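S.K.: Listed here are the chains, written in short residue letters.
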Amino acid sequence: MSDRIVLDAHDLVVRYPGSPPVVAVDGVSLRISAGETVALVGESGSGKSSVARAVAGIDRPAEGEVRFDGGAVTALGIRRRARELTAIQMVFQDPSTSLNPRRRVGDQVSDGITAARARGLEGSRPEEWFERVGLDTAAVSRFPHQFSGGQKQRIAIARALAARPHLLVADEPISALDASTQTSVAALMRDLVSELGAGMLFISHDLAVVQRIADRTLVMYGGRVMESGDTAAIWAAPRHPYTRALLGAIPKPDGAGRVPVSPTAAERATWTDVPPVED
Amino acid sequence: MSTDNRTDALASAGRRTRLRWPRAWRSPLGIVGAVIAIAWVIVAFTASWWVPFEPNAQVLPRLQEPGVDTLLGTDGTGRDIFSRLMTGATVTIPLALMLVVAAMVIGTVVGAVAGYFGRWVDETLMRITDLVMAFPTVILAMVIAASLGPSLFNAVIAAIVVSWPQYARVTRSLVLGLRGQNYVIAGRLLGRSPLTSLTVDILPNIVGPMLVLATLDIGAAILLLSGLSFLGLGAQPPTAEWGSMISWAIQNFDAWWLGVFPGLAILTVVAAFNFLGDALRDILDPTGEVAHENQADRAASATGAAA
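For the record, the sequence lines run as chains Z and L. Counting in full-length UniProt numbering, the first sequence runs from 1 upward without gaps. Counting in full-length UniProt numbering, the second sequence runs from 1 upward without gaps.
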């Protein structure tokens with residue numbers, strides 16, 4: 001891990017129109033250095049994906065600024081994306097819509113290679129990437145519907161990494177996969193990202209996986225970061241009540257068949273009152 | 001042993017699937033439609049070489065009934081109906097195809113731009129589309145054809161003007177649905193311009209529905225062109241055109257063959273392209289095909305179990 005900061009987002013606010021407008025993200029700041037994996041965890045609706053979309057420049061945040069490699073991240077618009085910004089890549093939650101159904105998967109991975117070339121980096125071949133993500137190199141000429149969900153996700157990862165990103169934003173990349181492939185895909189992403197020396201923002205609600213691959217963890221609730229710090233430290237001694245509830249909600253495969261008790265509305269109400277805990 | 005049998009069965013099933021035409025192609029109406037449509041298209045492009053008489057030559061007895069010399073009879077000025085009918089196809093069908101292609105191109109471009117860029121671009125383009133759609137099709141086409149002056153070319157222009165909005169509507173809604181798809185966003189993140197994104201990621205995925213719409217629209221286009229000619233706003237005499245032939249037939253109401261055969265020609269072409277369009281819709285819907293095949297497999301295994 002180096003000290004070079006690839007991503008510096010501060011005071012992000014994301015609002016969605018409505019009456020009253022929905023504040024999905026309410027003042028989130030995060031930093032990711034090269035080679036570091038930062039996990040963003042929290043329940044559904046806590047604003048994780050909105051942070052990811054703002055960080056990747058898909059949506060424009062209402063307030064706050066995102067800086068990537070020292071330059072500002074501008075949101076996608078009418079213009080072609082600035083060449084430097086193609087070093088931010090994203091892996092999406094749903095593998096079935098991540099790939100263009102009408103194009104051969106090899107061509108789609110080649111798009112990533114073209115993006116890397118456009119930034120003056122050396123080229124590569126789609127077969128190499130297929131091999132790296134653990135797929136048969138003969139599969140490059142197939143179409144997406146000929147792959148399983150896990151394989152599609154690997155192809156999407158190959159495409160993102162072929163662009164040689166400095167930052168990979170992974171928005172729940174494993175939640176659509178079955179339990180046996182989840183860990184292997186997550187570990188694969190971590191290995192390849194650190195091989196490239198890139199930073200990764202890994203969004204998940206699977207805490208077991210996060211514990212394994214993330215260097216730092218940010219816990220979000222209601223659009224705010226409630227606790228952040230070293231993954232091992234948070235895991236060992238969660239300080240914010242929400243983090244404790246989140247960790248307590250992991251079912252334990254001890255054969256006793258106990259289902260964790262879901263928090264009551266009264267408990268939920270107290271979480272936002274407790275000030276965020278930071279390292 | 002039983003596993004061997006199973007793998008054999010699987011292998012042969014695979015082989016059979018590869019050789020089989022898609023189920024939708026095998027639907028009777030689809031085949032009938034395809035055969036008639038292809039026959040008419042061939043007629044349209046070759047008729048001028050093999051028709052027995054010059055379509056405008058007034059060399060035969062007037063109002064002769066269908067018979068051996070004149071297959072479908074002659075009209076009030078002694079012209080051969082069969083020759084005129086076949087030559088009429090060379091006018092109507094290529095023009096209808098051209099009309100549909102032009103309307104599809106214009107409509108798709110407008111709809112795709114509106115759907116992809118959204119906001120004021122969308123609002124502006126769609127209000128213009130609504131403006132055109134607000135008028136009844138035939139009446140608007142009549143107004144345009146009449147104001148441009150009656151000729152076949154002006155009738156085509158009028159038909160294009162009234163046909164493109166439906167393509168724009170459909171394209172826009174399809175593009176709106178695809179615009180937020182992850183692969184489109186991923187393409188943009190890889191540095192694709194909106195235009196490349198449209199042509200590479202979005203348009204190939206809407207070609208299927210657009211083709212179906214266009215095929216179904218060919219019938220409507222032929223009806224519209226013939227209708228304008230019938231009203232005297234399209235083909236001008238002595239050009240052989242189905243609509244104007246029917247229009248002339250009205251003046252000789254007791255000679256039934258004057259109107260029936262052009263009418264049948266219109267009916268068969270329109271029906272054929274509609275059948276073809278319906279079949280095409282089934283073919284181009286991959287989920288439908290899978291559902292069909294699964295159903296067939298299940299039916300097969302059910303009978304197998306019973307036996």
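Derived by calculation from the structure, the hints in this document are not laboratory data. Watch out, some of these pointers could steer you wrong.
To be verified - Taking CB as the label site, the calculated pair distances span:
| no. | chain 1 | residue 1 | chain 2 | residue 2 | range |
| --- | --- | --- | --- | --- | --- |
| 1 | Z | 60 | L | 105 | 28 to 36 angstroms |
| 2 | Z | 230 | L | 176 | 41 to 49 angstroms |
| 3 | Z | 82 | L | 124 | 53 to 61 angstroms |
| 4 | L | 157 | Z | 142 | 40 to 48 angstroms |
| 5 | L | 118 | Z | 121 | 31 to 39 angstroms |
Said to hold, decoys possible - A few chain L residues that don't get close to chain Z, going by computed Cβ distances all over 12 angstroms:
| no. | residue |
| --- | --- |
| 6 | 53 |
| 7 | 133 |
| 8 | 136 |
| 9 | 142 |
| 10 | 146 |
| 11 | 152 |
| 12 | 180 |
| 13 | 181 |
| 14 | 190 |
| 15 | 204 |
| 16 | 252 |
| 17 | 264 |
Since we're looking at a predicted model, the values are computed, not measured. No residue lacks a Cβ here, since even glycine has one placed at the ideal position from N, Cα and C.
S.K.: A separate judgement is required for each hint: does it hold in the structure or not?
M.R.: Results for each hint:
In this structure the hint that residue 60(Z) and residue 105(L) lie 28 to 36 angstroms apart at CB holds, the actual value being about 34 angstroms. At roughly 44 angstroms, the beta carbons of residue 230(Z) and residue 176(L) sit within the given window of 41 to 49 angstroms. One distance hint, 53 to 61 angstroms for the beta-carbon pair residue 82(Z) and residue 124(L), is violated here, with the actual separation near 28 angstroms. Between residue 157(L) and residue 142(Z) the beta carbons are some 46 angstroms apart, a value that agrees with the proposed interval 40 to 48 angstroms.
Residue 118(L) and residue 121(Z) have their C-beta atoms about 33 angstroms apart, which keeps the hinted 31 to 39 angstroms range intact. Chain Z leaves residue 53(L) outside its interface by the beta-carbon criterion, the shortest separation being 50 angstroms against a cut-off of 12 angstroms. The beta carbon of residue 133(L) sits about 27 angstroms from the closest Cβ of chain Z, which is more than 12 angstroms, so the claim that it is off the interface holds. With a minimum CB-CB distance of about 37 angstroms to chain Z, residue 136(L) clears the 12 angstroms threshold, and the non-interface call stands.
With a closest Cβ-Cβ approach of about 40 angstroms to chain Z, residue 142(L) is found to remain outside the 12 angstroms limit, as its non-interface label requires. The claim that residue 146(L) is not at the interface with chain Z holds, since no C-beta of that chain comes within 12 angstroms of its own (minimum 41 angstroms). No Cβ of chain Z comes within 12 angstroms of the Cβ of residue 152(L); the nearest lies about 38 angstroms off, and the non-interface call holds. The Cβ of residue 180(L) sits about 9 angstroms from the closest Cβ of chain Z, inside the 12 angstroms cut-off, so the non-interface label is violated.
Listed as a non-interface residue, residue 181(L) fails to keep its Cβ farther than 12 angstroms from every Cβ of chain Z; the least gap is roughly 5 angstroms. With 12 angstroms as the threshold on Cβ separation, the claim that residue 190(L) sits away from chain Z is violated: the shortest Cβ distance comes to roughly 4 angstroms. Chain Z draws residue 204(L) into its interface by the beta-carbon criterion, the shortest separation being 4 angstroms against a cut-off of 12 angstroms. The beta carbon of residue 252(L) is kept farther than 12 angstroms from every beta carbon of chain Z, the shortest such distance being approximately 55 angstroms.
In this structure residue 264(L) is separated from chain Z by more than 12 angstroms, as the shortest Cβ-Cβ distance comes to about 40 angstroms.
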